[in-house]
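Chemist: Here is what each chain is made of, one letter per residue.
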Amino acid sequence: MKHLPVKNAPATGSCASGCSRRQFASIASAAAAGFLLTGCGPRRLREMPKERLRQALDEMEREYAAKRGMAVTVADTPPMPDVLFAYALDLSRCIGCRRCVYACVEENNQSRDPQLHWIRVLQMEKEKGVDFRHADPYYNPAKVPEEGHFYVPVACQQCRNPPCVKTCPTGATWMEPDGIVVIDYDWCIGCRCCMAACPYGARHFNWAEPSIPAGELNPATHYLGNRPRPKGVVEKCTFCIQRVRKGRYPACVEVCPVGARKFGNLLDKDSEIRYIIENKRVLVLKQELNTLPKFFYFYAT
Amino acid sequence: MSFVRRFMRFVHGSVRLVLQGNRLYWAWIAVLLAMIGSGVYAYLEQLGTGLALTSMRDPVSWGFYIGNFTFLVGVAAAAVVLVIPAYVYDWKPIREIVIIGELLAVSAIVMCMLFVMVDIGRPDRFWHLIPPWGHLNLPSSILAWDSVVLNAYLVVNFVVVTHILYRAFCRRHYEKRLVVPLVLLSIPMAVGIHTVTAFLYNGLAARPYWNSSILAPQFLASAFCSGPAILLVVLQLLRRFTRFEIQDQAIWKIAELMAYAMFLNLFLHGVEAFKEYYSDTEHLLYTQYWFQGLGQHRTLVPYAWTAVALNLLAFVLFILPAARRNPLALNLGCLATYSGCYIEKGMGLIIPGFTPDTLGEIYRYAPSITELRVAAGVFAVGFLVFTLMLRVAVPISLGEFQDEERPELKARAPAIA
Amino acid sequence: MTRLALVGLLLVALGALALDEAPKSSTAPPPPARAGAGEEHPEVPPPPFSEGIFPCSGCHAELKLNRTRRVLTEMHDDITLRHDEQHRWCLDCHDATDRDWLHLASGERVPFEESYRLCGQCHGEKLRDWRAGVHGRRTGDWNGHKRYLLCAHCHNPHTPRFQALEPKPAPLPPRRPGSEP
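Chains as they are written, first to last, in our numbering: chain A, 1 to 301; chain B, 1001 to 1417; chain C, 2001 to 2181.
A hint or two may mislead.
[Unchecked claim] Quick look at which bits of chain B chain A covers, simulated, 3 or more residues with Cβ under 8 Å:
(1) 1038 to 1051
(2) 1131 to 1145
[What the hints assert, rightly or not] The calculated PhoX-like cross-link candidates involving lysine-lysine, where the alpha carbons are at most 20 Å apart (straight line), are:
(3) A:Lys-280 x A:Lys-166
(4) A:Lys-269 x A:Lys-126
(5) A:Lys-143 x C:Lys-2168
(6) A:Lys-67 x A:Lys-50
(7) C:Lys-2064 x A:Lys-280
(8) A:Lys-128 x A:Lys-246
[As the list claims (entries may be wrong)] Now the in silico label distances, taken between C-beta atoms and shown as ranges:
(9) A:Pro-81 x B:Gly-1037: 55 to 61 Å
(10) A:Gln-287 x C:Ile-2079: 44 to 50 Å
(11) B:Thr-1281 x A:Arg-160: 23 to 29 Å
(12) C:Gly-2052 x A:Pro-81: 28 to 34 Å
(13) B:Gln-1296 x A:Ala-142: 24 to 30 Å
None of these hints come from the bench; they were simulated from the model.
Glycine included, C-beta positions come from ideal geometry on N, C-alpha and C.
Sequences and hints are given; from them, build the entire structure.
Modeler: If you want it as structure tokens, here you go:
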């Protein structure tokens, strides 16, 4: 092809600068394309190979440390084999004291301002039974339980057929092999389809930059759980993934003063959960929606 | 390289065209630019602080932006109201003006995409939706499907419109083998985009107000009356301000089709209301919130009945041939149908779907100033895109804006239709 | 002979040391690899005695035994009994002859550290549930050593009904931007 004169080419006639400009542009664009296409750029955490994931989490730890001025660990504890987590809540025991709500807030680094709670305790009337239309989360008497009322705490039900996972356009939320439905906070685009899809109001959005007062940050985090979240993404209960994958109970289970909360491995026939299913009568919320929650409610009395 | 030069001439010519205009034109452009400026400023504030500047909160997590998005997908789909008579029935009066409908479709899709962009929490991560860098959760995510079909519809309409216009500019006929299949394809695609958008709501078992099979047909019905309402106004404006010839018959036929669409819209709303009120389950709550209010929560009730009144008025005005042919009644009908459908598809769809929320909470949503400014900015972008495209398309259609360089083709008149 | 006796004593002492059950907390068996069905004698923290009240024999060893059912006036009058008080009184649970122990209906003595066996006589389902880890506050490891509490740690044995608590603050209702709280 005939070499067209390049505008602004040096008068010497050699196209040294022109060629090098073209060369640079083509190399740069090829590099960028290669970077993007070969996946060296940002990817879903779910797809990252183990070493790259660990590198990404180390990078996160450095960022958090720089931002918060304290050491933060971001664990990548994998799921245990032959484990499917389940939860059971004793409706005959809950007195609505909300200690679970705030234990969760502290353990899982939820934003204090704007306020974000993963657990919502609903006060219901004994005469009406479980009736969401007349539920009240804003009760504030001097003492609980209030006469004639009972309490139903609601958080993520960790469904086996989760509508939120089905509806997420980017695949930023999925169910892990141990049954916990998790969110990749770095992949979520904040479209809030999952929030519309969740029948339990369990998913919460960071409408503004989350803030945790200095000294209240829990530095022991998991990358799919309680690490500090950015603005504009969705978050929810993860069964305290940072605790349960190490064999511990979730924070809400441990703090409950009346022992209304139970947790365990559905696949272990000797677990508390299987004992409850066998000996108590369990039910799930909004059963007709076929979400198959792993959060059971029962009456131990 | 001559095609590059010709394209540059087209660009130069178009730029010259859009910069020419009378005082009214410049006033219109100025208003649009001011709204865009205000919208950009408000959006930057929203980017900085977060979506907390909107009135959306956890109980009502979609609001004004998504309501507008839904309405505008309908407007984009409404191009089919022109395309079917023009290409399937080859009806000349509409064949001459179908391009206006396609331009409206392009502008509407642009607005739809902008509304999604301003609504998501992390617009910097928009590319997460674009494979291969991103990941589309197909086949299960309806929003993933929606992004595919909306982009495809935009591409199809854009290709058809730009091909026809550019060929006309070049004094050549458009390539029938390209245009006709694409145009015929755009018919099921138009139905498809609005059906998929309806599925976005329809598929959510958590929201009984939306979880109804009737939603997709009802969306299409309201789209086919509200979209052409804009078209009718634009066509009358074009008739008034340009030499573009639009036959009365075309306008009357469109109005007649809108009447049938509005009937279907009213019928489908009616049967939905029957089902809710007669079955009288807890699912009635949402419809009740819309039409009657719940307890002291009556914010939306005036809007509900205003929308019903406007839609009924529009139906009467369009079904009576005498009213259709009366310019005042026609335009009143256009305004009524646009406003009525806008209310019932925006506030009447989104907010009652979330109120009460899944755990029974009632949050009083009303768009914030930020939302209104950003939404106005997005509408202004759409109107500006539409105006600028028309500013170039109309002269091309009239043969006034053509390439000069091929004298051997000067004699041949360009054919748009 | 003396050397033999000494060696014998040493052997006995060593044997005793080997066989002696060390306190459960320091040489407990390693936790199970997965959650167990429950334990017969779970390890529990010390019973929640009031300050200085134990050992009860400190006073009761010298006091005359009075088996008459009555309301106490001279001591322990701060205890209100609201636990089937129509039919039972102190000595139905506390051992009459040695106050450092409780006793079952059969007369068998149980230490305060195993008071759950006493409660379980009437509250059998609760005892079964408690052993399985289903009744009572749950701390520890779901995949290992569960930590148990005694019934008395949460339920005052004299007035076992759970006291009402002050609730933590209600959540803030969502507000539109610019609207007053």
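Chemist: Now look at each hint and say whether the structure bears it out.
Modeler: The hints, checked one at a time:
no.: 1; hint: 1038 to 1051; verdict: holds (count 3)
no.: 2; hint: 1131 to 1145; verdict: holds (count 11)
no.: 3; hint: A:Lys-280 x A:Lys-166; verdict: violated (32 Å)
no.: 4; hint: A:Lys-269 x A:Lys-126; verdict: violated (33 Å)
no.: 5; hint: A:Lys-143 x C:Lys-2168; verdict: holds (10 Å)
no.: 6; hint: A:Lys-67 x A:Lys-50; verdict: violated (25 Å)
no.: 7; hint: C:Lys-2064 x A:Lys-280; verdict: violated (48 Å)
no.: 8; hint: A:Lys-128 x A:Lys-246; verdict: violated (41 Å)
no.: 9; hint: A:Pro-81 x B:Gly-1037: 55 to 61 Å; verdict: holds (59 Å)
no.: 10; hint: A:Gln-287 x C:Ile-2079: 44 to 50 Å; verdict: holds (47 Å)
no.: 11; hint: B:Thr-1281 x A:Arg-160: 23 to 29 Å; verdict: holds (26 Å)
no.: 12; hint: C:Gly-2052 x A:Pro-81: 28 to 34 Å; verdict: violated (52 Å)
no.: 13; hint: B:Gln-1296 x A:Ala-142: 24 to 30 Å; verdict: holds (26 Å)
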